[in-house]
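Number of protein chains: 2
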Amino acid sequence: MSSSLSFDLDPWSIGLSGVDPDELERRESVFAVSNGHVGWRGTLDEGEPCGIPGTYLNGVFERHPMPYAEEGYGYPDSGQSVVNVPDGKLIRLLVDDEPFDVRRGDLHRHEQRLDFRAGTLHRELDWTSPAGRRVRVTSTRLVSFEHRSVGAVRYRVEAVDAEVTVTIQSELVANIDHLGVHHDPRVKETLEDPFVPLAHAGLGTSATLVHRTRHSDLGLAVSMDHLVEAAPECDVRTDVSEDLGRTTVTARLAAGEAVEVVKAVGHEWSASDSASPSALRDRAEAAVAEALRGGWSELADGQRRRLDEFWACADVEVEGDPRLQQAVRFALFHVFQAAARLEVRSVPGKGLTGAGYEGHTFWDSEGFVLPLLTYTAPDAARQALLWRRSTLDLARERAAHLGLSGAAYPWRTVDGQESSGYWPASTAAFHVNADIAAAVALHAAVTGDQRFEEECALPVLVETARLWMSLGHTDDHGTFHLDGVTGPDEYTAVVDDNTFTNLMAQRNLRAAADAARRHAEAARGLGVTVEEIGGWEVTADVVAVPFSEELGVHEQSAGFTRRERWDFEGTEPEQYPLQEHFPYFDLYRKQVVKQADLVLALVFAHDAFTFEEKARAFRYYEELTVRDSSLSAAAQAVIAAEVGHLDLAVDYLAEVATLDLDDLREDTAEGLHMASLAGIWMALVAGFGGMRHGADGLWFAPRLAAPMTGLRFGVKVGGRTLRLEVRPDATTYRLAEGPTLRVHHFGEPLDLEAGVEVVAPTPAPVDAGPRPTQPRGRTPRTVEVALASISD
Amino acid sequence: MSSSLSFDLDPWSIGLSGVDPDELERRESVFAVSNGHVGWRGTLDEGEPCGIPGTYLNGVFERHPMPYAEEGYGYPDSGQSVVNVPDGKLIRLLVDDEPFDVRRGDLHRHEQRLDFRAGTLHRELDWTSPAGRRVRVTSTRLVSFEHRSVGAVRYRVEAVDAEVTVTIQSELVANIDHLGVHHDPRVKETLEDPFVPLAHAGLGTSATLVHRTRHSDLGLAVSMDHLVEAAPECDVRTDVSEDLGRTTVTARLAAGEAVEVVKAVGHEWSASDSASPSALRDRAEAAVAEALRGGWSELADGQRRRLDEFWACADVEVEGDPRLQQAVRFALFHVFQAAARLEVRSVPGKGLTGAGYEGHTFWDSEGFVLPLLTYTAPDAARQALLWRRSTLDLARERAAHLGLSGAAYPWRTVDGQESSGYWPASTAAFHVNADIAAAVALHAAVTGDQRFEEECALPVLVETARLWMSLGHTDDHGTFHLDGVTGPDEYTAVVDDNTFTNLMAQRNLRAAADAARRHAEAARGLGVTVEEIGGWEVTADVVAVPFSEELGVHEQSAGFTRRERWDFEGTEPEQYPLQEHFPYFDLYRKQVVKQADLVLALVFAHDAFTFEEKARAFRYYEELTVRDSSLSAAAQAVIAAEVGHLDLAVDYLAEVATLDLDDLREDTAEGLHMASLAGIWMALVAGFGGMRHGADGLWFAPRLAAPMTGLRFGVKVGGRTLRLEVRPDATTYRLAEGPTLRVHHFGEPLDLEAGVEVVAPTPAPVDAGPRPTQPRGRTPRTVEVALASISD
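The listed protein sequences correspond, in order, to chains A and B.
With our numbering as the guide, the letters of the first sequence map in order to residues 14 to 805.
With our numbering as the guide, the letters of the second sequence map in order to residues 14 to 805.
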């Protein structure tokens, strides 16, 4: 798992020197640029060598058949896969008729760098062709935060020491091979050549292709246009056919002369029945024209402007280790990129950085990504939550199909329809509904956005509350149970009273009641009665919370602690991840935890546990948790910090921080893990900052641990920016604007006035006891070892 | 569900008059003839019209890919499907060049009759062709009990009132369309034309086709030959090509003259690598020659001889309703047919009467069918158990692949490899292993066959005992648990401590210990130590048996009675079977029982419960049991009778008795339910006869209920035939031969001497309380209504 990519160290960017053709897939994920609507993987401009040539549009997918060995009622009959849309980032280069290729000739220098403030992927290279012609190439690529459908490249070629003829072929290519995660030949076949050409056009320096997806019936237009600047004169011409647009620029350059092409690519799509091919073509072409109007500099300025605004509040500064600093900004940048221009779309598990998980969106978007955005880029978070609101009817239909009331959101989806083919780990994992409910409730509470609460949060809360009421039942002793469900831990499934699910359902019911009382008229419009609200409140009070009196710990689910422990001693390192080496039935029936589940409940439902309960539970589940999921270490870091195991918390922080950069799951090639990137922030802010959202606002309990000597972070609350500076002995709170804000520091209220710094001391550390142990071989690497793996 | 087939009433046969082309599929299942090696569905001889033209050879199957929406460790990558082997039962008839077809011309009479003593399917018809030529046709079909690979037909055509030219085309046809249960196009494609032709030959009146299955690589030779008798002279010639052999007999018949063809068809197969095509051909041709040597009369005599022997012990006589009488003999005949000439093969779920369940064998073979055969045709039972022994290595490999010790038998299979694609209802249903263990142990105990016990029972018991030891665990309080398993009830899955499974595992452990102690040397050869035996015994004593103190009933699994009850009141009749209208997750998490599970434990582990516990449990689970499985009513009949609800027991008996004849599951077309047929015997013998096998031999508690006025049945114990005659007031026991046999009559020992009748009185009835109730709409039909549905 050790990386052979060593990133260079910079607080505001991440870069790589040289090109290792075997490592292109990872590089392309790390260097992906996106605005949440369009995503371009960090390929080399000229298209070859290439790992996975991804260009994705949020929401553009193809349907494929779902095969089952044995059918069952309620199984989805079709799946969804994100597909490569026509690729406009390609720029091929010929030097005196010799194609430029990093694998040929003499590559003196090659550097690629993703800049977190500029919002660009920058590339510089210096190359001598096999025929001895030397050129310097500089390219800068961006996906615009200001022009939603536009990606752009500035590509500049300079003749170094002799006259050369340079040909730049700027292309737009449809039906590029798709990297499939499916093995079934029918599925693969369906996903080959997903686009049916509808129209194409070329004129001057521009070309446009219009397509339709074969099965999902989405219309799509991609257009490109160019600004060409060259010291000498040059030839420009454009050819276009069904699946290819190509603008060719040929220039004769004397030594020291350069040719520069600025290319803008516009991407527009919609359901086939809501926009004609010509309407889509016009939109794409207009977007390109608009983007090129101010030239490259305006595009680049727009990026920086949007990012300055983001960083002003969101930036997290870590003192003590530059690699942690780089990692957290890398994470924040990618999460922002994934959401910046969503407009009622979701943040998929991999953002738009790869086709992993088929481009699907899961519960971890609401569980990890959207809370971060709610605190740092609330407009982006709102768009993603509005997407869930927009799919509420589909979720209602799904619930009805399952024989339930309210709404049952899909476990995995692109367009809102359930696309999972293994129900014990999907349909049964009803907690996705409570996770979504928690995210809308948090957003309403943190932003104070009344309209959002009424129009988005309320209906989502009401329908998910109704789901719980129909899913659960109250036993003869008056306790409410949710039987036969699956919690976050995917090594335990179809259990009774998963504590995480139950507590999240409890919060869901209370939030629904709360919102319905405060928006009484809107609630009535949803058919909510006073009796229904009362039912939610009464039920929330009697939700079962399994607890082992014998062991004095909360149970992950009813009976969990009575089960056999996994044979960790007999499990070899190469048998992880366990799901690839052991059958589900065996994992499910034993005490082995893939990812934080009860421990995640300690974070998400933090006020349902005492400090002692948290400490005991954390110690118990540490012994069982193997972290075969990228969603685990962040929650473990947060609770480790809370219960006083700060050194362990730092190790978990380092694991989250290196997950993608060190490719710990060996799947970074398929895209970055958005939730895990958000987890870096969560480990720092909720872990070392001790931040929790309670009924009466924000609570902090900041404590540092080596190697961190200082930590600064900010959150937006009700439109106001609050920044904290944490030092070992004290924390400084600074509210930028607005009315007084009450927060809590280690339980003590602080009333913060705008512009006034408040310094609060750090209390003496708690005695946390001996460091908890993990299963054999699953202890996290120390922070030193982990960080050394990504750069030195 | 009501039948439109009305069978005529006869104690020793079942017949149908007329032909309804829409009902052919069911008729073909009911009229199937088989010897366990070869199975011919009851098609019309001339092949058209036809429902499902099945010709099956036990063990001949094709492999097909198993598609999964999401892959998992341990999922089988290929499935198995029984395929139609070359069909030799076809005899086409032309009358003056006009093809005979029941749908054309004038069919004066058509009768088909399956004779339980003759072992033949007899057919008579009288037809006038559209051109006005009248013939009488008599055909008799059998699959030989004496010539294992041979099926035969005697086909006789008589000119009635004028001279006609009669042409009989006797055919052998390969690659006939297969009725598939799969919807996946890849699977369907694989199962089309499964046979690759290897050789063919024809000579005189004989033809042979040799094939190989494309994927499973089995070699197969089918040969036919004929004896032709005609009053006048006739022409005979044979043509043969890759997939077709045809012998054509043409005769000119004067009025009153007849032509008769006796056709024998031999079927031989083996794995391609263990017999050459020419060896198979020779075997098939030799079998045919041998079968035809004595002409039709010897073939027919052989059938009757074998059946006389079977009926001498096995016959069950029911007085009081001729339809019950017919149904139980129908059942016994089909079960005997399915097993008569197995030779180390299994009894598939549908025998060889159809391709339902893909021709797979399940646990119900050992649970229901083989106990019947152990008591009535022990040699046949032994062959099926030896098949399980022969697949023990595959079961060991499967266990190892699952990370378990010992042997894990497949949930469904043709050749012994797991072929199930939905693990919660297959891999997790480990009870199949205990069911097999119980069947081998019972067989050894009932037959007293020491060699069988040592060579077959012992290794199976040892390896299944080892499975339980590795599958379960002993908790801190010293109780042994089997977590995450699925019991017989398919509406509850992946639960802890399924009572049926736990008690069957307990018996498995004890039987293994017992056998290992008595065959110490053989046990040592299997690596069994004294310590291991001790471990089995100690563990058996501490197996968890979930019991609700609050309700005073045994739980089907841990926590079962705490769960929400299914909304039976809100479930409409057309929503059954529930699995077709509700998702698994919802069925699994509620109190709803598809088929007897805890109640089956009351039967199979009868000595683990007191009478009061049985009565309480039966009442409790009656309210929850919807009988969406054919495996339920028999067990319910047995326990209803035991706890004193004799009228309910009769209704359940009637349900089992009419399941296939009245097509209650709407799937008789795909073959008869062997386990349910055995269930008729079980309901009568274990239910009304009260027969149980205990450690000290057979226990009886016979009680009749209206409409039964008398019941006679027999069992073979240690080679001796014991027959009982049950009357309302007393039961007469008669041991045919051998040393004294001790049995129990209502708990009192009776020592039976050969040839001496012992009459024992029936005790006064117990007060069973009010009749238990079933879910709304799931009360069984009364015996009168049920029996009226099949004939009147």
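Simulated from the structure, these hints should not be mistaken for lab results.
Keep in mind the model is a prediction, meaning the values are calculated, not measured.
Be aware that a few hints might be false.
Copies of the same chain look alike in the list, so a pair counts if it fits in one copy or across any two.
[As the list claims (entries may be wrong)] Lysine to any residue pairs mimicking SDA-like chemistry, simulated, CA-CA at most 20 Å apart: (1) K603 with A413; (2) K201 with S91; (3) K603 with V771; (4) K729 with V209; (5) K201 with E311; (6) K603 with H490; (7) K201 with H228; (8) K627 with A292; (9) K603 with L417.
Now the hints, each set against the structure:
Taking identical chains as interchangeable, the C-alpha atoms of K603 and A413 lie at most 20 Å apart only when they sit on different chains, with a minimum of 18 Å there against 33 Å within one chain. Taking identical chains as interchangeable, the C-alpha atoms of K201 and S91 lie at most 20 Å apart whether they share a chain (13 Å) or sit on different chains (19 Å). In this assembly of identical chains, the alpha carbons of K603 and V771 never lie at most 20 Å apart, being 50 Å within a copy and 56 Å across copies at closest. Taking the shortest alpha-carbon separations for K729 and V209, neither the intra-copy value of 45 Å nor the inter-copy value of 72 Å comes in at or below 20 Å.
For the homomeric pair K201 and E311, neither the shortest alpha-carbon distance inside one copy (42 Å) nor that between copies (59 Å) is at most 20 Å. For the identical chains of this complex, K603 and H490 are inter-copy neighbours only, at 17 Å across copies versus 29 Å inside a copy, given an alpha-carbon limit of 20 Å. Taking the closest pair of Cα atoms, K201 and H228 come within 20 Å of each other only inside a single copy of the chain (13 Å); across copies the shortest separation is 23 Å, beyond that limit. Proximity of K627 and A292 under a CA criterion of 20 Å is satisfied in neither setting, with 57 Å inside one chain copy and 74 Å between copies.
Proximity of K603 to L417 under the C-alpha cut-off of 20 Å is restricted to the inter-copy arrangement: shortest distance 14 Å between copies versus 30 Å within a copy.
Hints 3, 4, 5 and 8 from the list above are not met by this structure, while the remaining hints are.
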